[in-house]
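Using the hints, build the complex out of the two chains.
In the order they appear, the protein sequences are chains A and B.
Per our numbering, residue 1 is the first one in the first sequence, and the count goes up by one each step.
Per our numbering, residue 1001 is the first one in the second sequence, and the count goes up by one each step.
Mixed in with the good hints there might be a few duds.
Beta-carbon label-pair distances, calculated as ranges [stated by the list, open to error]:
hint, chain 1, residue 1, chain 2, residue 2, range
1, B, Leu1022, A, Ser254, 41 to 47 Å
2, B, Ile1013, A, Asp291, 24 to 30 Å
3, B, Val1192, A, Val272, 56 to 62 Å
4, B, Leu1122, A, Asn158, 52 to 58 Å
5, B, Ala1232, A, Thr24, 52 to 58 Å
6, A, Trp159, B, Ile1110, 49 to 55 Å
7, B, Ser1009, A, Asn149, 35 to 41 Å
8, A, Trp27, B, Val1192, 37 to 43 Å
9, A, Asn158, B, Ile1229, 56 to 62 Å
10, B, Ala1214, A, His153, 39 to 45 Å
11, B, Leu1117, A, Pro221, 23 to 29 Å
12, A, Thr24, B, Arg1017, 36 to 42 Å
13, A, Asn149, B, Ile1005, 54 to 60 Å
14, A, His153, B, Leu1226, 46 to 52 Å
For the record, the hints were derived by calculation from the structure and aren't laboratory data.
Note that this is a predicted model, so its numbers are computed, not measured.
Even glycine gets a Cβ: it sits at the ideal position worked out from N, Cα and C.
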Amino acid sequence: MSSLTRKDLLSKDFLSIFRRSFKTSTWLGWKIESNWTDPFLFAVYSIIKPLSGAAIIVVMYSVIAQGNYDTPYFAFLYFGNAFFQYVGSVMTGVSWAIVDDREHYKTLKYMYVAPIQMPTYLLGRGMARILVGTLSVFITILGGILFLNVPFHFSEVNWLLFAVTFVLGIIALINMGLILAGVTLMLARHSDFVGDAVASSMFLFTGAIFPITSLPVVLQPIGYALPTTYWLELIRRALIGNVVDAFPTFAGFSNLQLLGILTAFALVLSIVSNRIFKACEHRAREQGLIDRVTNY
Amino acid sequence: MQTMIGRASPRLIGLYREKSWLIFDVFFPMLTVIGYVMIYKAIGAPEDYVGFVVVGGAMTAFWMNILWSMSSQLYWEKETGNLPLYIASPAPMMGILLGMALGGMVGTFIRATGVILIGSLLFNVTYTIQNGFLLGIIFILSMISLYGLGMMTASLFLLFGREAWHLANLAQEPVFLVSGFYFPLKFLPFWVSAAASIIPLTLGLDGMRQLVFASGATLGFLDPKLEAIILAVLSVFFIVGAKLLLDHTEKLAIREGRITENRR
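Bound conformation, chain B alone (with noise of 0.2 Å):
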């Protein structure tokens, strides 16, 4: 537990002491947003689509901070030379992973926060909450397994060399497509939407689409009920997975020299 404070801890105080998060975590990806709204007003899309968009692009902030502060944490520890300390202080790496997560989740709900409240009053996007518990469900588990997956692959990156970078530049655009961030999963083939569930937020912004908008029912690609409980599955998966996996490619990668190395 004191661990994972430790480790949570400046993530969250950087946030009051760096605030130039606002205008490059909230402020550009709201330009992104306002262009694929344009999109849909310039076809005369429903309102509602308006909303997916804005609900997408803030849900984007999260898979971005699993890339780059979750997967890739453990890489740049390396780069740096703060790993081998982790490693040698008697602190769990188990702990220093939750601490990530945690201090990550609640900083980039901070941000998801700020792109919905901009994005929603500037494009007056209209929400009818229809099942307010089961939508606060679906955030929860789509949170804890994404963070999961996020401490399952930081110890995957944890073995790679100069890819890492490259690999989590490669899972941007491709996610948001497969995933349908920016249009319901629905239109995408079954198969591809089915495959894409493997990623949290695919089925966790198809639910929580379907809870807040009007016709997100008529939208969704899953049962939201179905879908919390492949996220409940999801979780469990990945949070096992990654004490399984860390305490392999922690020995793997000390075994092989690689927790020092730096092959930039």
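Next comes chain A alone, as it looks inside the complex (with noise of 0.2 Å):
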């Protein structure tokens, strides 16, 4: 089912088996990281780490700056930090799902030989940690908005341009947690850590939670070789517009630029992520990889 064909792509089949796999794999995904305990406990384990995560950064600045967040650098680091969870939950969401399948159950093997498409196999038991990482930003927003006086004002909000980076940037995750999937395929000892190392390197070149033009020079490219800083500062701009201009890392581009720039990540790494992935299942179905377990 893995080599599709563009006859294949356009064929009344494919959407079929596209919902099905999907709407499947979401389920089975959310059954898997929810039901080993109750609902509530579940919803506060959800929100626990992520919010701990971000009190650690705001404990850190206000050991220094002495509880004044009042401060543009504040507002973008607790920005920058709370749409970063995304980062983590959206490309390990998409790529862990070869880890548990082939390592802890064991089961990757029978995937390969049922009627779904992988790749979308891999979104759906992703749209767990997705849903969960949706959950944690929200949160974590709010309770800067309620408890730290982020500058956020409702009314100053540009949705549009807020919705349309929002979707192009996790279009961008996804296709990114496409492409680790297929790396993770190959490993076989550190599968499990690969979607978090990579998210923290890219926490520290994306201007997540410092400009990047703090970096030093050499490093700085980096950064805006990857789509999430883009995301990141549409993000910020939308959201707390007035707060970016003291950071003039993009101050030379529009939003119109900026968002040109993320589309063109998006699609590129959509069809890019999709053909990686393919030349990795080749690979690993070739050197018998699908059913390899390590208990590394």
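Spelled out as structure tokens, the structure:
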């Protein structure tokens, strides 16, 4: 099922299989993520971890700024850190199913003989983490607005820009997750940590918590080569536009220009990720890695 | 002793055989450390705070080792089918836990040293060691009590099913927060810090920072000598607790048939 031709892609069967794969794997992903405990405990579990991550940064800031949250840098830091939670949840969400199904449940080989589309299946499996990530981002931002006076004015938000940016960014992240899933297929060890490791790297290079111009000049191009950098900049411009003026990293770019760059990233990644995943999958099949259990 | 060395050896040999840990356990944690250092630099924090982050970042390696290679270990052994073999063998389970702790401690010490060395060189961290003897005592007591805690929770995790993974996952960021891994503990409310002191790294890290940084003493939570005494008490408590709990949970797990179950 994974070697689909263009004709197949346009057929009714394709859509039907897509719908079925996505729906079933989303349901499966949600059950795996959530049914190990009762719903209340799951909700608490889902928000404590990201809130603690945000709180570490708030306390660090507060220790030095002596509780003065009314600065442009705090808003920059808070929103960047809050939305960055998506990077980990989307990318790891999509790629983790490979580790889970191959190492833990030992069902990956059965997925390959089932009439499903593997990339769609992986996307569905990741949806639970994406939904939980959305809840975490929402609660983190709400907490910032209610308790830390993060400068957010509902009426001044550019909702259209936010919606378009948000969707494009998620598309880019999903496709990066698919690339990671392909890489994970070929890894014997440390595959558990690939998503987190890549997310950690991006935390540093994408201007999530400090402007990328603060990085050494030699490292800045890494930030400019990542879609998340533009995504976070546009999210900030849409939600807290006036604050971003204090950080002139992209001052020479209009919203439309940045949106164009992000769209290009999303498009290119959509094409490239599928090809990379297919290439990795092909190699994994040839080398017999689909059902490899390492217990590492 | 034979069991302990036997169980510790795979962890030590693994350090040489599988060198990819250098990337995953030193390089990637360094990125988080660099990120936090950059925040402090962006807000103009005093230089010692950079050192606090480097030392805190290095100590996260020990906490991660406790969570994923001590607490969850018997659970993983159960999942992979090794646990019944351990129990069927004449080796005492306490020896196996001690071996896990010893191997993990040595391996993690090398990783943490790597993070400290790279971080210190990268950010030019200045250390002003005020009492080397007390520093050594606090570090050793922190490790004994921390791995004692790991041994105790390992037996608890033996009773868990799928929730084991989630519980270990949950005990990362919240612990980094309440234990003051990236900022001085003193800035948290007193009772939060006091409650967090049950985790040995909380007081261990606070004591070590007080003894290696010039401004450490002014930012300390308790007197380092008092912290050493509390850590000594915690060490005894956790190791005795681990022995009692292991005996109890092993019996319970055998009686309820949980040794061979796989509830993933």
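Taking the hints in turn, this is what the structure says about them:
no., hint, result
1, Leu1022(B) with Ser254(A): 41 to 47 Å, "holds (44 Å)"
2, Ile1013(B) with Asp291(A): 24 to 30 Å, "holds (27 Å)"
3, Val1192(B) with Val272(A): 56 to 62 Å, "violated (47 Å)"
4, Leu1122(B) with Asn158(A): 52 to 58 Å, "violated (39 Å)"
5, Ala1232(B) with Thr24(A): 52 to 58 Å, "holds (56 Å)"
6, Trp159(A) with Ile1110(B): 49 to 55 Å, "holds (51 Å)"
7, Ser1009(B) with Asn149(A): 35 to 41 Å, "violated (55 Å)"
8, Trp27(A) with Val1192(B): 37 to 43 Å, "holds (40 Å)"
9, Asn158(A) with Ile1229(B): 56 to 62 Å, "holds (58 Å)"
10, Ala1214(B) with His153(A): 39 to 45 Å, "holds (43 Å)"
11, Leu1117(B) with Pro221(A): 23 to 29 Å, "holds (27 Å)"
12, Thr24(A) with Arg1017(B): 36 to 42 Å, "holds (41 Å)"
13, Asn149(A) with Ile1005(B): 54 to 60 Å, "holds (57 Å)"
14, His153(A) with Leu1226(B): 46 to 52 Å, "holds (49 Å)"
The structure does not agree with the numbered hints 3, 4, 7 stated previously, though it agrees with the rest.
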